[in-house]
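Trainee: Chain residues, written in single-letter form:
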Amino acid sequence: MLILIGRRLAAAIPSVIGVVVVTFVLTRALPGDPAAYFAGPNADAKAIAEIRTALGLDRSLAEQFLRYVGDLLRGDLGQSLSTGRPVLVELASRLPASLELTLLGLVISLSIALPLGILAATRPNSWVDHLCRVIVTLGVSMPTFFTGLVLVYVFYFLLGWSPAPLGRLDAFFSSPPDVTGLYLVDSLLARDGETFLAAAAQLILPAATLAIFTLAPLARMTRASMLAVLSADFIRTARASGLSAATVVFVYAFRNAMLPVVTTLGMVFSFLLGANVLVEKVFAWPGIGSYAIEALIAADYAPIQGFVLTMALLYVVLNLTIDLLYGIIDPRLEGAA
Amino acid sequence: MTETLRHVRHVLTENPVTLLAAGLFVFFVLAAVLGPALAPYDPFASDAARALQPPSLRHWFGTDALGRDIFSRVLVATRLDMTIAISSVILAFAFGTLAGLAAGFMGGATDQAIGRLVDTIMAFPLFVLAMGIVAALGNTVTNIVLATAIINFPLYVRVARAETAQRKSAGFIEAARLSGDGEAAILFGQLLPNILPIMMVQASLTMGYAILNAAGLSFIGLGVRPPTPEWGIMVAEGAGLMISGEWWVALFPGLVLMLAVFCFNLLGDALRDIVDPRRRS
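Sequences listed follow chains A and B, in order. Residue numbers for the first sequence follow the working numbering, so the first one is 698 and each next one is one higher. Residue numbers for the second sequence follow the working numbering, so the first one is 26 and each next one is one higher.
These are computed hints drawn from the structure, not numbers from a lab. Treat the hints with care, as some may be off.
Pairwise CB distance ranges (calculated) [as the list claims (entries may be wrong)]:
1. ILE1026/A with ALA119/B: 50 to 56 Å
2. ARG31/B with ALA707/A: 53 to 59 Å
3. LEU91/B with LEU956/A: 50 to 56 Å
Where is the CB? At the ideal position from N, CA and C, for every residue including glycine.
Working from the sequences, and respecting the hints, build out all of it.
Mentor: Here it is in structure tokens:
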């Protein structure tokens, strides 16, 4: 197992290098003069020249790249022009909000998609199968930001069931003591049931929006993969040996069928992290996505660069987790390693 | 040819959903071409006295906060949204197919270099990379097209590379080589036409994704600027009004956007059935 983890970690290194090179190229591709960009609209020629020296833009590209990598290793992502605070500090303080939203969205999505896909596969052409097909086709066509707005209209304006879609916690509550930064976990740790419920109420609509978007690829893959496995010879043998239907489906078929689904998770994470930005805008969610949008509108470059880098590294880590998960589900890989 | 036509007719009539998608497609093409001529109102004309009216016989989709007719704006926006999506798909299609052909046919260093490029793009969450590209290159519609093309590029390369590698040593390629065809002639005269149908399917499957991506970028304020009518930006303009109950401002552009994506996804599935009947789902 340790060897496998080591190999996977080594395999992730080229991705990280690629990500760092691309984010570097993206800063140097700024339209016009990056120094003028970073100096702000009111800077004069002297200030721009000073910034150019300070940023090292007067040196060779290779030297600039080394400096950039050095800055990254020291955790220096630059300063935001509009807030004046270091980008790393802001990203770190906002990351838990995004993570909580993304993870809950994924959990909801998985807990609906897997049973739905399995039911659809074990009962082809039943109503569950048709429902699955409709959801799969509609789900991939729904723009995330639109789904979110429709949910807000129905559950906030029409029914009044959910609180105003403005942030992580209603103004009447104060945030729970900071341990993990995830409000649901922190409020539970502080044994504060009221805050937990309030945080959950704010979280449920945006997380559901993300879940609806990622439901489709997961349910489709679960169904297709279960169908393929259920028609395999070893399933027929298991049935013929008199194993119960539940054992055959959940023990024999499910584990084998999960492999393609876990592979799909990589693509799902890519969707999820992108959709996260849109959902954060709709629900005024104070995560790193809305931080990046504010920066985009203010043409504040350092935060955007930091955001892209953070998201990409997060994605690399998630993919690494998927690889490891794959190794746990499929022990044959360990033998190969 | 009549054989193909009969097959197309069979695919269209066999599944009513496909027929619906084909009908929607014709509808969107007509709206893109004739939209500005058909719009009952000037999409830019604001009228404070008629602001935020719910849908009525005069204004089918209601009016927005500036009193502009939403139906006219949604109709006129079709051309811009389709242009962005189609041009980015064409770019990704052209460069992706060529790169995939080269990688699959030549192998070796070319294959590795192209593979590395594709892996690097895929190492990012795609929408986030698109945001970064637009932010870096400048906030314009052209760059939205470029960014959407770049994030779609890997999908084309992978399919083209796999299909090319699979056919590289097929009998008809050997035959062409024996009859004296040069490498370029084999690549563009034999392999390219052979993988083209599969690439077309890929194009129509990614078209919906391209529309979603472009609309998402303009929803967060990139690319298209107000007062230009565009679906994503119109949903953004209506987003704040959803809380106060003026649902029509965001709903109609959002619904039309969804229909367009839905239409291309269904068409992609139908096209796959025509090109590759074995993979029918």
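Trainee: Decide, hint by hint, whether the structure agrees.
Mentor: Here's how the hints hold up against the structure:
Our hint of 50 to 56 Å for ILE1026/A and ALA119/B is violated, since their Cβ atoms are close to 39 Å apart. Between ARG31/B and ALA707/A, the C-beta spacing of about 55 Å keeps the proposed range 53 to 59 Å intact. Distance hint check for LEU91/B and LEU956/A: the Cβ-Cβ separation is about 54 Å, which falls inside the suggested range of 50 to 56 Å.
Of the hints listed earlier, the one the structure fails to meet is number 1.
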